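Each chain, letter by letter, is given below.
There are 2 protein chains.
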Amino acid sequence: MDRIAYFDNAATTFPKPECVYQALDEFARSCGVSLGRGQHKLSSKASYIADETRELLLSLFHCTNKKVVFTNTATEAINIILKGIKIPVNANVYITPFEHNAVTRTLHYLNKFTSFNIIELSANKTTYELQIEDIDRQFKDKKPFCVIASHVSNVFGAICSIEKLFLTSKKYGAINIADLCQSSGLIDLNLSSTIFDYAVFAGHKTLYGPLGISGFITDFPNDLEPIIIGGTGIESANQDMPSEIPIRYEAGSHNTTAIAGLHASVEWILKTGVNVIYKQEMRNHKRLIDILGSYENITVYNPKLSVGVVSCSFDNYAPDEIGQVLSNMNIAFRSGLHCAPLAHKFNGTFPSGTVRFSVGYFNTDEDFDMLDDALSYIEENS
Amino acid sequence: MDRIAYFDNAATTFPKPECVYQALDEFARSCGVSLGRGQHKLSSKASYIADETRELLLSLFHCTNKKVVFTNTATEAINIILKGIKIPVNANVYITPFEHNAVTRTLHYLNKFTSFNIIELSANKTTYELQIEDIDRQFKDKKPFCVIASHVSNVFGAICSIEKLFLTSKKYGAINIADLCQSSGLIDLNLSSTIFDYAVFAGHKTLYGPLGISGFITDFPNDLEPIIIGGTGIESANQDMPSEIPIRYEAGSHNTTAIAGLHASVEWILKTGVNVIYKQEMRNHKRLIDILGSYENITVYNPKLSVGVVSCSFDNYAPDEIGQVLSNMNIAFRSGLHCAPLAHKFNGTFPSGTVRFSVGYFNTDEDFDMLDDALSYIEENS
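The listed protein sequences correspond, in order, to chains A and B. Everything in the first sequence is counted per the working numbering, starting at 24 for the first residue and increasing by one. Everything in the second sequence is counted per the working numbering, starting at 24 for the first residue and increasing by one.
Derived from the structure by calculation, the hints contain no laboratory data. Treat the hints with care, since some could be wrong.
If several chains are the same, the list does not tell them apart, and a pair holds so long as it fits within one copy or across any two.
The calculated PhoX-like cross-link candidates involving lysine-lysine, where the alpha carbons are at most 25 Å apart (straight line), are [claimed, not checked]:
1. Lys165 <-> Lys109
2. Lys106 <-> Lys68
3. Lys106 <-> Lys135
4. Lys109 <-> Lys135
5. Lys309 <-> Lys193
6. Lys166 <-> Lys109
7. Lys193 <-> Lys90
8. Lys163 <-> Lys109
9. Lys302 <-> Lys187
10. Lys368 <-> Lys68
11. Lys327 <-> Lys302
12. Lys109 <-> Lys368
Predicted, not measured: the structure shown is a model, and the values here were computed from it.
Between the sequences and the hints, there should be enough to build the whole structure, so can you do that?
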């Protein structure tokens, strides 16, 4: 296959650090078995790597007071949390205008059984910033049962002032749920505070790990009902799921190889430094905006504070039409709604969506040159 | 780490065929991104590999008339099916005495909300065979709503006459659910018949694929309620899950790398031949039984027809006690209940369980010699 200029890092970061590929291959070949403490040496080693990966994640988020639950996808984590907090009838559920279908479809589903209010948090249409004073008034008017916020929008890259938001909502006793899929390991965040009830991460995105391993961080020990029930390797005679966390939410075989890959990627992040990675991504982000902004036929949606992801529209081309042209020119990107129709309603780009480019730590000069060439070609031919 | 004689293939087969490791590494490095038809070349390639893997599985099970749904674990697949078929009040749910906690815990959970009858199918205590005539009488007496059967017991390796069972239950209109975790790719099975409503497979067990990819095969297009709700990459404006199968049950990022590994392993099975693999595993199985049977301090539980898995008990040692000794001698195995307490109640080995050894295609002479040496040591010192 020809060289691809990869600007689809918001879906999955690619490539990964070399150490991740090496860890995946080495672990799969030497120890890719089911975990299980004290059963045999290979499974004990797999357990040890899993435990150490949890510790690395807690260290990354400065919250050794909390626990890591592994799930296969961030979507699964969001489902466990949103179903598990048992939203009561008539409760007020606040979401940012940028939430993903993992959140909005799950709320829509739950709302069929229990009628509650889904309310959008106030945000500025030009800067994409949350309006904390307005939000405080929203909370005063309708007390929040829970607040769900993407730290970084997967459509516009807008960085949400999540600490200010959660400090405000905690005054009203809200359960705060942070979606860190587009920010974990990229923006330094201290999760040790009680304002973060649940924080969801995706291993394969800004954590630079493999597909197949995600999870959430919490200090609520076991008050959610598991949504996947089955074997846990412990307490097997008990026909209820064990109350012990994390195993309560981890029925079935763990993907130990993916965990070993995440172990390597989080080690790489800690060694490289979150702020070093952030600076490099911001350089790539700025370069992307500069290139897109240099074309008169492109409208860039540019939040006041953003990272990683940039959405735009092309004159004379629907987002889906631009797809074939860019794909033919070996540019990897996404067009459409990016599983976040709400964000496009906010932005006035619903239902056709936008063309989304997203950078990572590893984008090269050649990637940007290829993108520039492709955009020139489109401008000349439009 | 020292060489390990691996007899824990019922948990995860290990090692995998070399082509699987190569496929995992190559795919992760060249194309380990999220799938998505027609978005860009890498994601299109990932989609293509996923589609082809579904076709290979349908070919393996001789059922191109059916569909493959991918899940992250077989436990997730069993949860989707058991929750999705909506077992009515007072229904009769039949299970074999060998079902895993993925089945029994899920039924126990559902039974808290809807009271139904969980009935064990009649089986012979000596041969571990299902008693089809008795079962027919059971069905006549209490009409089956559904029947759930492990094709091969994960504790005793007992092969269940699943076609005879499902032909019988289908006469009474039952929904038939096959758990093929310990048999898929090992026992040639034709799933094209309507007697198989749902068949669950685990990629990392007898299919010799990586951890992180499992699923089920069905011809029921979309009548189950999804248990994990979220982004699907298609129909994003729709706040309900799409009705299209398989995507209805596959919210969130697919583990495309694991799918590429499963692609390689199923190709390897088809190329090697299911019956060739079966014969090799039966040779290893017989060798295991012969070695275990040669020690007077070991009681082997030996079903009339079995494959892969052998359970036993040691005189003077509880299963958990034997663990440390065998582990120190670099034998990989499992002791205890193996997430199947019911099977041990059937066998009279509840609650302490058994010591379980399970072979794979790749066990070597050295593995068996190491096991023999370890068992000699235990006999001499007990």
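The hints, checked one at a time:
1. Lys165 <-> Lys109: Within one copy only: 18 Å inside, 37 Å across.
2. Lys106 <-> Lys68: neither (33 Å within a copy, 34 Å between copies)
3. Lys106 <-> Lys135: both (13 Å within a copy, 17 Å between copies)
4. Lys109 <-> Lys135: Classified as both: same-chain Cα gap 13 Å, cross-chain 17 Å, threshold 25 Å.
5. Lys309 <-> Lys193: Intra 34 Å, inter 63 Å, cutoff 25 Å: neither.
6. Lys166 <-> Lys109: within (16 Å within a copy, 36 Å between copies)
7. Lys193 <-> Lys90: within (20 Å within a copy, 47 Å between copies)
8. Lys163 <-> Lys109: Only inside one copy: Lys163 and Lys109 sit 22 Å apart there, 41 Å across copies, limit 25 Å.
9. Lys302 <-> Lys187: within (23 Å within a copy, 65 Å between copies)
10. Lys368 <-> Lys68: neither (49 Å within a copy, 31 Å between copies)
11. Lys327 <-> Lys302: within (17 Å within a copy, 66 Å between copies)
12. Lys109 <-> Lys368: neither (28 Å within a copy, 36 Å between copies)
Hint check: violations occur at hints 2, 5, 10, 12; the rest are consistent with the structure.
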